[in-house]
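J.: If you follow the hints, you should be able to join the two separate chains into one complex; please do so.
The residues making up each chain are set out below.
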Amino acid sequence: MHLIDIYIQEVTRRLPEKSRQDIALELRSTIEDMLPEDYTEKEVKVALENLGNPALLASGYADRPMHLIGPRYFDMYVTLLKMIIPIVATLALIVVITENVLTYNGEEAILATILSIMGHGIWGMISSSIQTFFWITIVFAILERTDTSKDKSPLTPNWKEWTPDELKSIPYIKKEKKISKAEVFGNLLWIAIFVTIYFNAVHLIGVYEKVQGKLQFIIPTFDQDVLQSYWFIVLVALVIEVMLVFHKFLASQWTHKVAIMNTVRHVVSTIVLIVIFNNNSLVNVEFYTYLEDLFHFTFELQSPVKLAVILICVVFAVIDVIQGFRKANIG
Amino acid sequence: MSKLISSLITELRRGTLTLAVLSQLRTPQYGYSLVQLLEKSGVSIDQSTLYPLLRRLEKQELVESSWDTTESRPRKYYVLSEYGIEILEQLKDEWEKTTNELQTLLKGDVENAPD
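Chains A and B, in that order, are what the protein sequence lines are. In this text, residue positions in the first sequence follow full-length UniProt numbering: the first is 1, and each later residue adds one. In this text, residue positions in the second sequence follow full-length UniProt numbering: the first is 1, and each later residue adds one.
Rather than coming from a laboratory, the hints here were simulated on the basis of the structure. Here the structure is a predicted model, which means the values were calculated and not measured. Heads up, a few of these hints could be off.
What the hints assert, rightly or not - Okay, derived cross-link-like pairs now, BS3-like style, lysine-lysine, Cα gap no bigger than 27 Å in a straight line:
1) A:K257 - A:K168
2) A:K45 - B:K40
3) A:K257 - A:K174
4) B:K92 - B:K40
5) A:K178 - A:K168
6) A:K177 - A:K257
7) B:K92 - A:K42
8) B:K59 - A:K18
9) B:K92 - B:K59
Next up, chain B with everything else stripped away, as it sits in the complex (with noise of 0.2 Å):
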């Protein structure tokens, strides 16, 4: 049973991943910063998954990278585009109206439970 639960809590949270990086990455951010920016919101991700995830972002054009190698060690650097700014806004809306669908529904549910 709590790994049905748990199989079920990874997949409600996959698509959320999306949004909770690109609302991160307003400023650069390199892969280990944003693990940590992410772990002090509480939101815990895997870093198999984190990683991957960025670039896929950058092939889809919503962020651009850049390596700093300023530092002792080079870095690769993520942030939003144009374009990533535009659908983080969208994004933003649409898990608004999602959540507030979903809390209506749950709400009623509660209200609707027999005694």
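So that you can see chain A by itself, here it is in the shape it has in the complex (with noise of 0.2 Å):
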């Protein structure tokens, strides 16, 4: 009697309120129709036996579905997973470098500077994705269960079924004209060490030499102040880098419009690069003296240098905008 209780105690605890007590009353009825008249503990055990674990027997009665995430919602939940966790992983990262590199005093030893921050920042990458993770499960696992209708096909992006149609709005996308993810994420990482060290050039760039066994930062190679003032056609670069980057991240392929824009970025971010250097009192002076003690030379160098930086700078320009048409005309 005692396990007979336990067993459908076991059972209806898993099943929904209001139907408790109808499929107790059934159960008992059916077990006791399983047992002789003066029955044993013995022959109650092989009785429960056969019904089987009350576990399997409850969602045998319950409707609710036994998974988090069935057929229907699964495919577009691994790839809403597959887009979104690498974003929020990259920009996890990005606020982790610019917060720190915003708050450094320029005291600390710089290595352990760039491990903290690398540490901070592979956290900040795993904690976020684990969020974001939590938080896309836990909407689609309400979806799963909200979501009357029978069907379990997998559901296609407009939320509609699968029709031959559907293959008109994806674009086909040959190997050589992919922009991958990765790419995207990489432009963005880049567009923010850049905005990062352009801010605080005066903490970053220069010369670090080893003072009682600690690299020190000693003298900066740029004037900040003068550097600074050309904020606002840096920003307008950055805007139009930004731009591109979001473009292709959408786009995800090599297009005439992407490779155009990208025509347009190389100019503007060579045009920039060229005025800022062009500035006579850009580079710090303090700089120019500690290189003359250390090679001997004096600064007649400087302009061919300064060429030198920027006809690299348009070779590499040039090359990837070439590339870029190159890619756009595949196909």
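T.: What follows is the structure in structure tokens.
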């Protein structure tokens, strides 16, 4: 008797309140039907064994799904995760880097700072990914449980039944034309690094020397005030860069539009570079003196060096522009 | 290998279960009497599948249920509804069609087998 009560309790506690009583009653009469008049505990065990695991029996009664995310939503769920987690992780990394560089006071050892940024960055990426994963999963689990349609076929992006017409809205992307997500995120990361360096050049770029066993920052290369007086054109160039990155992300392949935007971006950033480099007071005087002491030459070389830097940048820009158009022209 | 075959057999039988149960419910039956009826015809059915199935059929309005409290212990009886009889006939036709088709296929399988 006792075992039967516990068995029924184990089944019904997994069921919705309203059906409990009826199922309990039916189960009890069924179990007693299976048993002889004066049954022993051994016979009860045999009967219960026939009915099987209470959890399994209960799952048969309950018409809730026994899975978190079923076949209808799984494909969309995975697609969304793959799309959103990299974005979130990259953003987290960018935030961590920016934060750390902005609060950098120039006193701590550079190596330790870099290590701490890496540590915090990795942790930020992991924790933000877990958060994203958690929330997307919750949303889909709720969708799975609230969707009353019996339809089991996977959802299409516009929430309708699949038809061959759907294929028309999907671009066919050749491997050589493809813009990978990694490239897009790389670009974004690069922009973030550039921004932080630009606004903190006075703490970051320059001469480092080992003083008392520690690597210390001695002389900045650039004059921060001069460098930052160009903030407006730098900002314009950055906005264009970011726009290009987003367009690349959406287009996900090289098109003429992407190639043209890429050209505009290179032209603008090269012009900005030339303008900034042409300012003679850009480079810190102390830095010059330091170099002169180090290499024993006078700064006649100044303009050839500038010219070389600008030329290299122009060459790389031209190569990238040509490659963009080449990829856009494939097939 | 034997695990694979048993899972395939379970899968094969799962679809026939509803038909087997419906076919025995022209007269009212309670859970355990249905088990015995099915077992008499050699159809063994997992009890943990059968009882939930009966409730599902009731929800789908294929069977009707009623509690009989006149006997020593109350029993829940299930019987086909009008709609259930209709569905049973359709399922029966479908089953006959399927078995015929398969029979043809399987006979062809033997004939086409390489010597």
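J.: It remains to establish, for every hint, whether it holds in the given structure.
T.: The hints, checked one at a time:
Between A:K257 and A:K168 the CA atoms are separated by roughly 20 Å; this keeps the pair inside 27 Å, and the hint holds. The straight-line distance between the Cα atoms of A:K45 and B:K40 is roughly 23 Å, inside the 27 Å bound, and the hint therefore holds. The straight-line distance between the Cα atoms of A:K257 and A:K174 is roughly 17 Å, inside the 27 Å bound, and the hint therefore holds. Note on B:K92 and B:K40: the hinted pairing holds, with a Cα-Cα distance of about 20 Å set against a maximum of 27 Å.
At most 27 Å may separate the alpha-carbon atoms for a hinted pair to count; A:K178 and A:K168 meet this at roughly 18 Å. For the given pair, A:K177 sits about 13 Å from A:K257 by alpha-carbon distance, which is consistent with the 27 Å threshold. Of the pairs offered as hints, the one joining B:K92 and A:K42 is violated, with about 41 Å between alpha carbons and a cut-off of 27 Å exceeded. A C-alpha spacing of about 14 Å is found between B:K59 and A:K18, which places the hinted pair at or below 27 Å, so the restraint holds.
Of the supplied pair hints, the one linking B:K92 and B:K59 holds, its CA atoms being roughly 21 Å apart against a limit of 27 Å.
When each numbered hint is compared with the structure, a violation occurs for hint 7 only.
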